[in-house]
Amino acid sequence: MSKKTRRRIGNALATGASTLIGILFFAPFAWMVSSSFKDISEIYDFPPKFIPQQIKWSNYADAWNALPFDIFFLNSAIVAVATTVGVILTCSLAGYSFARLRYPGRDKIFLAYLATMMIPFPVLMVPLFVIMKNLQLVDTLWSLILPAVFTPAGTFLMRQFILTLPRELEEAARVDGCGFFGIYWRIVLPLMKPVIATLAIFTFLGSWNEFLWPLISISSIDQKTLPLGLTMFQSRLSGRTPWNQVMASATFTIIPVLVLFILGQKYYVKGIVTTGIKG
Amino acid sequence: MSAQRVSGADRPRKFRMTRQARVEARAGYLFLLPNLLGFLIFSLVPIAACLALTFTKWNLILPPAFTGGKNYQQMVSDQLFWKTLGNTAYYTIGAVPIAIFIAFWLALLLNRGMRGVKFFRTIYFLPYVTLTVAIAIVWSWIYNPDLGLINYVVGLFGIDGPDWLQSPTWAMPAIIIMSDWKGIGYPMLIFLAALQGVPEEYYESAKIDGANWLQRVTHVTVPTIAPATFYIIVISFIGAMQGFDQFYVMTKGGPAYATTTIVMYIYQQGFQWFNMGYAATLAVALFLVISLITALMWRVNSRGPSLSAN
Numbered sequence: 001m002s003k004k005t006r007r008r009i010g011n012a013l014a015t016g017a018s019t020l021i022g023i024l025f026f027a028p029f030a031w032m033v034s035s036s037f038k039d040i041s042e043i044y045d046f047p048p049k050f051i052p053q054q055i056k057w058s059n060y061a062d063a064w065n066a067l068p069f070d071i072f073f074l075n076s077a078i079v080a081v082a083t084t085v086g087v088i089l090t091c092s093l094a095g096y097s098f099a100r101l102r103y104p105g106r107d108k109i110f111l112a113y114l115a116t117m118m119i120p121f122p123v124l125m126v127p128l129f130v131i132m133k134n135l136q137l138v139d140t141l142w143s144l145i146l147p148a149v150f151t152p153a154g155t156f157l158m159r160q161f162i163l164t165l166p167r168e169l170e171e172a173a174r175v176d177g178c179g180f181f182g183i184y185w186r187i188v189l190p191l192m193k194p195v196i197a198t199l200a201i202f203t204f205l206g207s208w209n210e211f212l213w214p215l216i217s218i219s220s221i222d223q224k225t226l227p228l229g230l231t232m233f234q235s236r237l238s239g240r241t242p243w244n245q246v247m248a249s250a251t252f253t254i255i256p257v258l259v260l261f262i263l264g265q266k267y268y269v270k271g272i273v274t275t276g277i278k279g
Numbered sequence: 280m281s282a283q284r285v286s287g288a289d290r291p292r293k294f295r296m297t298r299q300a301r302v303e304a305r306a307g308y309l310f311l312l313p314n315l316l317g318f319l320i321f322s323l324v325p326i327a328a329c330l331a332l333t334f335t336k337w338n339l340i341l342p343p344a345f346t347g348g349k350n351y352q353q354m355v356s357d358q359l360f361w362k363t364l365g366n367t368a369y370y371t372i373g374a375v376p377i378a379i380f381i382a383f384w385l386a387l388l389l390n391r392g393m394r395g396v397k398f399f400r401t402i403y404f405l406p407y408v409t410l411t412v413a414i415a416i417v418w419s420w421i422y423n424p425d426l427g428l429i430n431y432v433v434g435l436f437g438i439d440g441p442d443w444l445q446s447p448t449w450a451m452p453a454i455i456i457m458s459d460w461k462g463i464g465y466p467m468l469i470f471l472a473a474l475q476g477v478p479e480e481y482y483e484s485a486k487i488d489g490a491n492w493l494q495r496v497t498h499v500t501v502p503t504i505a506p507a508t509f510y511i512i513v514i515s516f517i518g519a520m521q522g523f524d525q526f527y528v529m530t531k532g533g534p535a536y537a538t539t540t541i542v543m544y545i546y547q548q549g550f551q552w553f554n555m556g557y558a559a560t561l562a563v564a565l566f567l568v569i570s571l572i573t574a575l576m577w578r579v580n581s582r583g584p585s586l587s588a589n
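Chain order of the listed sequences is A and B.
Using the numbering used here, the letters of the first sequence correspond one by one to residues 1 to 279.
Using the numbering used here, the letters of the second sequence correspond one by one to residues 280 to 589.
No wet-lab data here; the hints were simulated from the structure.
Just so it is clear, the structure is predicted and the values come from calculations on it, not from any experiment.
Each residue gets a CB set at the ideal place from its N, CA and C atoms; glycine is no exception.
With a cut-off of at most 20 Å between alpha-carbon atoms, the simulated SDA-like pairs for lysine to any residue come out as follows:
hint: 1; chain 1: A; residue 1: Lys133; chain 2: B; residue 2: Asn338
hint: 2; chain 1: A; residue 1: Lys193; chain 2: A; residue 2: Val81
hint: 3; chain 1: A; residue 1: Lys49; chain 2: B; residue 2: Val432
hint: 4; chain 1: A; residue 1: Lys3; chain 2: B; residue 2: Arg391
hint: 5; chain 1: A; residue 1: Lys193; chain 2: A; residue 2: Ile262
hint: 6; chain 1: B; residue 1: Lys397; chain 2: A; residue 2: Val257
hint: 7; chain 1: A; residue 1: Lys133; chain 2: B; residue 2: Thr335
hint: 8; chain 1: B; residue 1: Lys397; chain 2: B; residue 2: Ala472
hint: 9; chain 1: A; residue 1: Lys108; chain 2: B; residue 2: Ala304
hint: 10; chain 1: A; residue 1: Lys193; chain 2: A; residue 2: Gly182
What follows is a list of derived Cβ distance ranges for each label pair:
hint: 11; chain 1: A; residue 1: Glu171; chain 2: B; residue 2: Gln475; range: 33 to 41 Å
hint: 12; chain 1: A; residue 1: Lys133; chain 2: B; residue 2: Ser581; range: 39 to 47 Å
hint: 13; chain 1: A; residue 1: Ser58; chain 2: B; residue 2: Leu571; range: 53 to 61 Å
hint: 14; chain 1: B; residue 1: Lys362; chain 2: A; residue 2: Thr5; range: 56 to 64 Å
hint: 15; chain 1: B; residue 1: Gly518; chain 2: A; residue 2: Ile221; range: 24 to 32 Å
hint: 16; chain 1: A; residue 1: Leu20; chain 2: B; residue 2: Ser570; range: 38 to 46 Å
hint: 17; chain 1: B; residue 1: Gln299; chain 2: A; residue 2: Leu169; range: 15 to 23 Å
Bound-form chain B, shown alone (with noise of 0.2 Å):
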């Protein structure tokens, strides 16, 4: 081994390392260097520098003037927050528990061993690996009022479709119904790998107790794979209140900010409106939301005998 010597014996230490475990601290720490250097300019540093600017009102091209808890007064008494921080909730609601039932029925499905499961599994999967920005005009195009596929579907049954992204009240049900259908493979895909762990055992066991099939599904899969289905619940909560990608491509949080989120709300406030000090301290409202219900679930998952496996 040809390891330079380390010249630390004039320094004295509470306990010494011997030669070699100074060689492999010094090699973990080069090793590690890279990638920390990365880590404290772009996400350390970020971390507390967002914290700090949350005190200031700063346009990006006067000095940062220290206002105190101003923006924080500010962010409560203003209406938009509330109503894009509700646009959020409206949009996390409604899009999060459909995509994950559906989920699960389609991973059940698939999980029959059929021929072509791989095909389907790809299939259900294709729109998840997409752009969301080519498949929201893709989607815009779907939607359109007078040319759209929706609207002459759903005209076959005799009803007059709306103008679904310019209308307040359809903007944000279209928006969902988008982000379903591309969104649907990952929860599927986690659903089926967990069911592929389920014991073959507990089904027969259940059998000879007489469970019927629904009864099989209630009480031997859904307990046996809720540590996936919780990890699903937590993923799919903290990724939707965060989407911005097909709500900037189809609506531009329009109409009338109905499908303004928050994400959308702190991109206008820090780049279009330059209001870098209240965008961090929404930035950090958003935290705080996605803390507060990531802990609510944690505890729920904890406490609730049917959500835990025995």
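So that you can see chain A by itself, here it is in the shape it has in the complex (with noise of 0.2 Å):
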């Protein structure tokens, strides 16, 4: 055999092995969306069948209205663009000083962003739990947006990247008589956009999923986030659980994400691809 065909016929096997585990990997999405087009009667049919015998786009509207879904839609969208846009201001500005600015202390102080890095976040939960009630904040958005903005892990990507610049741009700005905030604003920041691309797609996903702390935090039904949201729905079923509507507000849930990620996934693999490697 020459090596073409045996590079062919290698090629095909390769191909059909990871068309397989796609479908494994796909099957539970599939399922999810089928099952959400189901009649409940469908739903208890025994073996189970993948196409429902009918369409029923009712379960969406149903699902959507057994729970206030709009408000649990819109605060996770305030909370996922509020900390996005917080922590891009924050972490560049953080960034920055850290990387190019000098003055006593800096190191030490970056050395403690860095060491607080590794803290698992149940050590933060139960103190931070308490300060949110002493402000006054527990049961509140801003209790999921406040400490996710200020994260050292964004600190330090963002400096890391700036690190990475070239100086000389910066140098003829200030020659030319620009002050530190302005080299920021007009030189640093616009070179800085895929970084930003990077940490923002990650900061609103990272938002979106958040669970185990809304989880602590909130309690009021008009404060909830979607993911609260949907084991609200999960928790109150009892007896027959009417899972294709169940699996209408899975679906309808995820779906922003995937666009999102699809939409953003040059940067998204960029940040993991980069992290995993220097890091």
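Two chains, two separate frames, one set of hints: put the complex together.
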């Protein structure tokens, strides 16, 4: 067999295997979507069928109306957007400060940032609840936004990126009489677009998926985010679970993150790869 | 430059900063300030407070009472603590090595450079970005004993599947399978990136030496990507030891505490039973376990010849 045909057979085998594994990875999503369109009687059919006999769009409306999903969506969106904007602002400022400006104590403070990156969240969550209670922010969206805005990890990512930028542009701007804020705003920030995109999509998805801390902090239904709303759906059900509606709600909760991920995949993957290889 | 003059001339210093250096220092502090304030309030203070809380008994209503080392004594003799620690170990050791192993082979498969690599990479990665809560609900349905997909599939092979999530024996394996499905995309991506960095010449020279495919993988690929592998191992272990969402949704820690992990136990002690001091103590224990294991892995990594690239 020539090298070329062997390569071709190998590639065909690899494609076959990848497809098979791909089906395995995709099956739960497909099952979720197909169940979300089934009539309740079909849900209890055995053996289960993948294709619903009739498409019941009304499951989506019923699920949407069973709980205030409009409020959950809005809350999740507010928290995710506010967190993302906040992270980009404070972390890029701090990252620039750590990377470029000299002042006493800088490296010690940076070391403290690095050290706390290793602390697991459960260590923070008990006192965080007490702090939020004292600030009277428990059970408000602020309690979800604020702790996520000042992440050491985001600052670290920004600092590392700024260190790789050439200094010449900044020095030229300084010679031309530009102040430090001007340099940051007009020169550095525009150069940081790729890392900002990475941090933004990371932060947004992380915030959208966050569960443990909202579970602790939020108790009112009108302050709940999507993951909390979903579990409400689950816990108030007893007896014959309307699995078709539950699957419909899971579907419309997941779709925004899937769309966002597919659009920003390049930046997301880049972020994972750089932290993984250099970390 | 229109920077304001810093009137510090009357303050003698050990070494005087030039005017420019003072302006730069002030800018540095100002730029850092917003983030630093938040960092202090929401990271540093809570860490210190967590340590302080471990020496108290506090239910959030009465003022905290100093109890010395009582929480630590209680923890050592708390059967449930050891059980949850054991459950966490079971979950971590069950989930992480399998995920890393499969992720490595998936990355090798995708690294062949065939068509559609990006498509498959996206498919394998999708579960990782989706909400754990939504995914866990879908899998609860898949694991349903009478109507679920899994028992239907194993039924095709003549096996009578268990009531997965209600069985003390099967609940943990069920959650491990789901977690692996969800989490494999992350290590796979890092492996894939690392594989692309292996120089082609390494393989060529191994081929000339007569190494077959498996030998090339074990003697060329594995040692060359060792730093990435080490990173994946550390990150995966740290992440798995903090597993919570899927446990909360799928089993709430049951049946009979079979799937109560340490984070679930911290949550219960703190926010269901309001033993804040004890919850803080458990959190410190988790931190110690994680640090210990991480330190151990660093040591093994710096000594073991098989893991370090040369």
